[in-house]
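J.: Here is how the chains run, residue by residue.
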Amino acid sequence: MAYDKFEILKSTAVPLPVENVDTDQIIPARFLKATERAGFGDNLFRDWRYNPDNTPKAEFVLNNPVYKGKILVGGKNFGSGSSREHAVWAIYDYGFRCVVSSFFADIFRGNCLNIGVLPVQVSAEFLDKIFTAIKANPDTEIEINLPNQTITLLENGDQESFDINSYKKENMLNGYDDIDYLTKMKSEIQEFASARPF
Amino acid sequence: MSKTLFDKVWDSHVIRKINDGPDVLFIDRHLIHEVTSPVAFLGLKSRNNSVLFPEKTFATADHNTPTINQHLPVEDPLSANQLKALEQNAADWGITHWGLGHQKNGIVHVVGPENGITLPGATIVCGDSHTSTHGAFGAVAFGIGTSEVEMVLSSQCIMQPKPKKMRINVNGKLGFGVTPKDVALFMISKLSASGATGYFVEYAGDVFKNMSMEGRMTVCNLSIEMGARGGIIAPDEKTFDYIKGRLFTPKEEAWDKAMEYWKTLKTDADAVFDEEINFIAIDIEPMITYGTNPGMGTGISNYIPKAESVEGGVASYRKSLEYMGFNEGDKMIGKKVDFVFLGSCTNGRIEDFRAFASIVKGRKKADNITAWLVPGSHDVEAKIKDEGLLDIINAAGFELREPGCSACLAMNDDKVPAGKLAVSTSNRNFEGRQGPGSRTLLASPLVAAATAVTGVLTDPRTLL
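Chains as they are written, first to last, in my numbering: chain A, 1 to 198; chain B, 1 to 464.
Chain B with its partners taken away, still in its complex shape (with noise of 0.2 Å):
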């Protein structure tokens, strides 16, 4: 029978299928962190089980971790002591660990790509929703709460009822200043935040066939913000150039035996889709997000849609207008901005650190903007430092900072104060998301470095 590509690894993964109930998945990779794993060691700890396969879960400091001094002791004690916590709990179960300050350290899902830890045809899960940017490599990849992460140490399983599948083609080439970023933003703009839930999205089309893996990885990450389980995309050559080589990627006779595997992983031609959705690329420009979801986004030199255009509650959207301190019909560009934020799981990798600079080459910050620049590794950091981006970023008065999650959810000392108002390249608008009481704008790193240099919302198109 004809499969999908996400039909394909999600069955070869199936150990139970429960009648009128979930498929009992197996589980080839788990990443933890810090933040939701503790109660997991705790509850198997509490039952008396062990971890089954240490050596498919791999451990990695990043969202409660400083961006500056991390030489230094972490000075928050329930900071310090979640960090210690993992790092304890790995040790006694030897499972892989890079803390803070380790070479390998960073954002979990920049680090397992990194490393060859994300492979194609298999399944991916952490206790982060962001998991689904592993799905760039042709994965299934997705993020479970902690009930699972002590499920897949103590069994390397979860259980789970198979997702409706979806299909996004978008055909074409992208017009001029126009990212994956915007990319996603457009499709999530045009499903709302909830438009694809119960769904696992297959992206498939030029604008993806041409796409690099970095923006691969932007796009299937931000899968959940329109609420899917998570997103895929079929592996080709860019992928497998990506992943030779790589710390934990096969060698060898395994990698062309893998490698024979990873040719198939393609949808067939007449697999059917619950939904399949159609989008042309000239329509998607420089993306920006008005209101505290990520649904609430429109192309940069548009106005703030009015609340009888919109689906959904009235109410709602008032509710999050007024929230942003914004009102219908609002002109985007120009808006005063208080804070820039480069950096996450969805716009920490190289790629995006050459576009912001691209940008700031010969420019000056502007002294309305204080800037936080973080490298989701020290991968990325060292890229940075050795193309000769850094010096570019220096001279335009930016400062780099160390590796890990910072503002996109600041639960380190990130934070933008209240009433503030932020364009970031992280994943999530919502109220208080990069601190209490701050605004954020959902942008490009491209959108994120024109606004930086100018101090106003302003598209890039008028500066590249």
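Bound-form chain A, shown alone (with noise of 0.2 Å):
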């Protein structure tokens, strides 16, 4: 499924500073039911957004309008467990098209990118002085930059660049994925193909 380029993201953030949200959370397996990728974004992170009765809970942070933005930020082990891509789905759906955390599960970073949001990684530090800066004033401002590869808090300047291999830049900045790729290499995999053992 083609996605929208990314190059320049300018936006406040939600912070999500607990550490191990793990794809359950993100998206709990009883909402994977459907066979068309639509409407995830409605049951993102629903157990800690709704109650059993399907009020919304005050105090998590999507309910709370003072924060909004296309970046979610999370703590440490962001994205672990379960494979499942519908919990990218629910956060691109919802509206993000980055999450910044000091470190990514592997599936979830894979996915995040093979759909089309960015994952960036920063150090513990620069974590820490997003929250601070976001708890301050929820209206601050970050810039994700994909091509100069950096993370900026616009108020006050403060930097920090993220790693991203030059082929994945190049699909983000494009819109392309590895299927778009894979396609082009039919030949070349029919004949590796032959030379298997099994």
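Mixed in with the good hints, there may be bad ones.
Here's a subset of chain B near chain A, in silico, CB distances under 7 Å, partners left out [to be verified]:
#1 D20
#2 V35
#3 Q82
#4 G145
#5 S155
#6 C157
#7 M159
#8 S194
Covered stretches of chain A (chain B as the covering partner; in silico rule of three or more C-beta atoms under 8 Å from a C-beta of chain B) [what the hints assert, rightly or not]:
#9 22-29
#10 82-95
#11 155-169
#12 183-192
Covered stretches of chain A (in silico footprint by chain B; criterion: 3 or more residues with CB under 8 Å from a CB of chain B, positions within the stretch not fixed) [to be verified]:
#13 32-46
#14 110-117
These are calculated hints, taken from the structure and not from any lab test. For each residue, glycine too, the CB sits at the ideal point set by N, CA and C.
Put the two chains together into one complex, using the hints given.
T.: The structure is reproduced here in structure tokens:
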């Protein structure tokens, strides 16, 4: 599924200073029953966001109108657990284009890059700075600059660079994905397959 | 150049290396189930692509299936719809499909090995993080997302950077009542739920050498719970004995040829790992978790650690204990338990039912316990009956359900109610994992059995 190109994103951010946020919290298994990719944003963080009677939990950050924006900032080891891509679909569908953390689980990071959500890994110190800045001023703007690979707190210019390999960077900048790449390799793949022992 | 086992398998599957980018990795075996595949098939269709090698993909229904009355129509319309989509997609593309009620049906990571789909030296992927299970056979196996499921369907390849390599050696002899599940939970508790992120882990040493194939599967299965991409164990005679003669295992000349290759699948003596960790078997006791990630585990006779003594943030640790309704310093043994779940791709194999039966034999289920005993496949179910385990289990007041993922992720009706405490042989104790508001303690089948007959968390060594 194609996604929008990602170049420079300037936005306020939603803070979630919790460690080990697993994909079961991002989207619980009982909401994985769809056969098409639609409507997952409604159930993003379902059980942290809503009471069992479906009324919103006022204390959860997504229910606090003060916090908004296209950037989600999470604690260490974000996206651990289940490989469900639905978790990233829910994040994208809700309106986020970027997740910032000091550490991402492997499969989650890969899933993000495959559907056009940019995972930005920062140092633990910079993550603290972001949380502190947002706490002091929820309107704090953050700039994610993919061509330069930098993340900047715009109010004071605090900046850090982040890693992304040049192949994935090109993909994100152009809205391509791996299937576009692999489709062009078909004959090479068929040749390789014919030499496999099993 | 010297290579690790992981290097040998990974490198031999790389079709192209992209400079400052991922490897294009050829996939030998692709397993699919009803939950993470439908959108991949939609993508395939919308791009006008076709399934490149239908004979390399295998489908089974497991995540979303009922574990009673499987002969009746599935009641939940959404679940029924997903099962139908899997059946239709498999039929459209000529993919082997073991749907609900099929004799070969069961949990994807149980039926793969049972049918010789899982082979040493193969690359195996599935849209499920516990695909790491198949590493027990010396395969490079790991979970992928739905976009990657579509990639494998259309090109039999995925694109991923090669992970770093870690080796964990556990030497010595395991103590009385200590099972493969305890070894895994011990390693996770030492490394934390994220300690192996970015790595592929080889398990080596006496403990894994002496372990059954079922035990090795349990250990590799849980690799993801410390963040690892996957786990792998060098194949040996035990491995070859297990796979020989199974449905999709190579036969005759093809077997001999494969064996020549499989015997080379071990880490060279001077190969280097990015990280190497050693543990001693005798330090491991039956394990129990007390928090909301699998890294929050300890020996069953211990007390819940103080927040200051654990790595990571104090606030997240306390939030976790608050959810569980536990306090720092609490003793675990003796906590009143409501539910016991034996099953899942972690502990739903025949050996797990043998262990459970060894404790409940001649005893009775405690009145306060609701127990769900769910075999990993119809093959496992048949063995339970053949070996007389069903009679033992029934005499103790337990019933056997039909195969599926069941209460491990509670997509079907097997949900632990809010606030209730479950001892579960599955793999995740995340908040609400076994049903909204449910609380989970991860443990071995022996701990589950001991708890099921006493009604409180019990050290199985007191009953063996």
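J.: With reference to the structure, classify each hint as holding or not holding.
T.: Hint check results:
1. D20: Status holds, d = 4 Å.
2. V35: holds (5 Å)
3. Q82: holds (6 Å)
4. G145: holds (4 Å)
5. S155: holds (4 Å)
6. C157: With Cβ-Cβ at 6 Å, under 7 Å, it holds.
7. M159: Since the shortest Cβ distance to chain A is 5 Å, the answer is holds.
8. S194: This interface hint holds because 4 Å falls under the 7 Å limit.
9. 22-29: Our answer is that it holds, as 5 residues pass the Cβ test (under 8 Å) against chain B, meeting three.
10. 82-95: With 6 residues close enough to chain B, the hint holds.
11. 155-169: That given contact holds, which follows from 4 residues of the region 155-169 of chain A lying within Cβ reach (below 8 Å) of chain B.
12. 183-192: holds (count 7)
13. 32-46: This one holds; 6 residues, not fewer than the three required, reach chain B with a Cβ under 8 Å.
14. 110-117: Coverage by chain B holds for the region 110-117 of chain A (4 residues, Cβ < 8 Å).
Hint check: no violations occur; every hint is consistent with the structure.
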